[in-house]
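There are 2 protein chains.
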Amino acid sequence: MSCKIGILGLGTVGTGVAKILLDPEGRHPVLREIEIKSVGVRSLSTKRDVDLPASYYTNNLESIVNDPDIEIIVELIGGLEPARSLILQAIANGKHVVTANKAVLARYGAEIFTAAKANGVYVMLEASVGGGIPIIQALKQALGANRIAAVTGIINGTTNYILSRMHQEGGAFEDILANAQALGYAEADPTADVDGYDAADKIAILASLAFGDRIKLDEIYREGIRNVTSIDIHWATELGFAIKLLGIARHAVVDGESGLDIRVHPTLIPITHPLASINGVTNAVTVAGDPIGEVVFSGPGAGSGATASAVVADIINVVAALKSGTGKINQLMGCSHQHYAKVHSVDSNKTQFYVRLIARDRPGVIGEIGMRFGKHLVNLESIIQKNSHGEFAEVVVVTKQVVERNFQTAIADIKNLDAIESIATVLRIL
Amino acid sequence: MSCKIGILGLGTVGTGVAKILLDPEGRHPVLREIEIKSVGVRSLSTKRDVDLPASYYTNNLESIVNDPDIEIIVELIGGLEPARSLILQAIANGKHVVTANKAVLARYGAEIFTAAKANGVYVMLEASVGGGIPIIQALKQALGANRIAAVTGIINGTTNYILSRMHQEGGAFEDILANAQALGYAEADPTADVDGYDAADKIAILASLAFGDRIKLDEIYREGIRNVTSIDIHWATELGFAIKLLGIARHAVVDGESGLDIRVHPTLIPITHPLASINGVTNAVTVAGDPIGEVVFSGPGAGSGATASAVVADIINVVAALKSGTGKINQLMGCSHQHYAKVHSVDSNKTQFYVRLIARDRPGVIGEIGMRFGKHLVNLESIIQKNSHGEFAEVVVVTKQVVERNFQTAIADIKNLDAIESIATVLRIL
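As you go down the protein sequences, you meet chains W and D in turn.
As numbered in the numbering used here, residues 16 to 445 make up the first sequence, in order.
As numbered in the numbering used here, residues 16 to 445 make up the second sequence, in order.
Hints listed in this document are in silico derivations from the structure and should not be mistaken for laboratory results.
Note that this is a predicted model, so its numbers are computed, not measured.
There could be a bad hint or two in this list.
A pair holds if it fits inside one copy or across any two, identical chains being indistinguishable in the list.
To be verified - Calculated cross-link-like contacts (lysine-lysine; reagent style DSS-like; alpha-carbon spacing at most 25 Å):
#1 Lys357 to Lys132
#2 Lys401 to Lys415
#3 Lys365 to Lys430
#4 Lys132 to Lys343
#5 Lys430 to Lys34
#6 Lys365 to Lys231
#7 Lys19 to Lys343
#8 Lys343 to Lys365
#9 Lys338 to Lys132
Based on the sequences and whatever the hints tell you, model everything.
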């Protein structure tokens, strides 16, 4: 007997999902046991790029989550409401949920997974991070033998596209953003992408799966790419780095307390690092753990086909589990987190920094800068002075791994030096 | 109630598995529900690097597969016999099997999976390909929405280590092999690795999962890396390629017939390709499909920790499925192939070639070579002549995608030309 599903939302991903389900030839045989019963859309009059009878469509989304025939709800409308309410209603009705909605999961995950547990249903989220890359299943089912040390990823395609072009062309952020918007690689309102909100949602989801605890979104340090200049791209290249917007979540012990160091920011990564060669809209995630070492997953982070592949993977995993199951949730597919992770404040973490300063071009400046860093326990790897412009010169400092609080104190101190015109850029190094 | 397992073989991987199971803190909670009951070893007197009571050990491996208390057999003895017989006996006794044994799976997969299906048990094989990289689960469970077009991988660490060093150092194959043997990166008898047998076993496994059909090992075209010279490495680099030993399995239509093009050989790949930067003992696999596009998985392809991570992942997946299951096999975790794939003969496939010839250094040679290729319908991308050594010169030809049969006929014809001293190297291009 086939399993009936209801799809909420028929945008690009929803259309991709429907196309796969309507054309199972050559794909996994389980697909033939899945039947679309209803599709919830905003407008019934919109012309659709998928071959479904008109009777399948409804603009009454609640009727779908309340339909007793439907076993799985596929939520693809995005945004917070009504997505959250529809998901919760579906769960309350004993339906399994497959969603690509990272925003709702990152904000209401605790509420949603608590309800899912109470109702004995699956909430599947492969499509919420990394598009088609099967990183969620890897963390839930394939890497469970490991103690995870860190999850690090390029998880926002728009910013990676912009930064890749800045590296290739040497252009300015604003110009390339404008061009990316014209080409459809960036939204008209680019805030969610370029200011790191989207990446923060995604690293919250990855961290909760990797470390087995819930994450409060507002505890994630977040910094976007607006302040990355072509000058910094040039310096990074010269120093042997690429600049990428990374989501980073790692286990860290601060003052004897075990917890997570979790953040999103533009990051200098050594060009030999596997993430350094991930360009354009491609996403990639590395997972480091004991005893596995490090594994890397990369692929298309967005797009109709890739995201639909992940959504349908979740659907077939639920269907296969239901067909062989007692009704009890499979522990690896379910989500049983009940506690919030201890997230260390960003200033207590140890990080390596890159700083570009504009200094007066006179003897002793490098010495002064070096002294101030030293005074605040910030060990340095290198100080380079060049590119003299009249009375000013650029000084680029690379620190060792230092406690961020010490570094920030040192920077505040250095800023007040008579020899310093400005602190142009501060970036972190992986 | 905990699930009892028996481990056959306590070499590096078996020891790694036991260590994970004995130290579950910080790993997936399901691990706490798994109990090692017996460990089968060759010698009871060998000192072991793992903390298990002496009473757990036995050198009677059959007693483990016949123990009614044990639900899962973890086969890590390797080789063909007694591994095959013990696996079949365990299956006959209704036990699930987790194995890292690519050799036995590639040769006796049909027999083993037929028995598993008849007995309603799982045979799990994550550790058989790519060490810790979760490529098997990805193909079985995460990419099922796709029609797979191709699976391409660096799946033998020893050859990748040797070729990487040839690229970095410019040394000869024999010298680097000898050094790799001294360092423990290559076996005393390197045949299985350098002649491509190990990679053929692994691509057979990957292809059967990706395309849903059984593969006959002797239908895989196989060529090792012994004939790759430092001169070819140099040429490849100059032309913008890296040389890697690849396992390739792709869907192909030949004379209207759908089938697989499946092979193992040293391959020139463009340096911008994601596999080109995979160096040393690291493994990587790309999967291309519709609608996902291409995803890439990379990580440690061997070693105690990485392989143990994969073995334990399989164990916890079986345990979780059993705990929530009716006893019926989960379709995504099981293996239901019943037919053999149509594998096209290598000479009917379309491939791009690199050829290095030693020719007499006289006018008209390039024209003669070009004419002969053209006569046999082999279109060329480039012919380069240089490195004159007295009366001889090197000529390097890069073809377009051509039917291999035509190419081989052309080469046989060219070999007989008076102007040709020898065909030094023929390599394929990805």
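Structure-based check of all given hints:
In the homo-oligomer, the alpha carbons of Lys357 and Lys132 lie at most 25 Å apart inside one protomer (23 Å), although the nearest pairing across protomers, at 46 Å, exceeds that limit. Taking the closest pair of Cα atoms, Lys401 and Lys415 come within 25 Å of each other only inside a single copy of the chain (21 Å); across copies the shortest separation is 49 Å, beyond that limit. For a Cα distance limit of 25 Å, the shortest separation of Lys365 from Lys430 inside one copy, 22 Å, qualifies, whereas the shortest one across copies, 64 Å, does not. For a Cα distance limit of 25 Å, the shortest separation of Lys132 from Lys343 qualifies both inside one copy, at 10 Å, and across copies, at 23 Å.
Proximity of Lys430 and Lys34 under a CA criterion of 25 Å is satisfied in neither setting, with 58 Å inside one chain copy and 52 Å between copies. In this homomeric assembly, Lys365 and Lys231 come within 25 Å of each other (Cα to Cα) only inside a single copy, at 21 Å, whereas the closest approach across copies is 54 Å. Within a single copy, Lys19 and Lys343 get their C-alpha atoms as close as 19 Å, and across copies as close as 21 Å, so both meet the 25 Å cut-off. For a Cα distance limit of 25 Å, the shortest separation of Lys343 from Lys365 qualifies neither inside one copy, at 43 Å, nor across copies, at 50 Å.
For the homomeric pair Lys338 and Lys132, the shortest alpha-carbon distances inside one copy (19 Å) and between copies (16 Å) are both at most 25 Å.
Checked against the numbered hints listed earlier, the structure breaks hints 5, 8; every other hint is satisfied.
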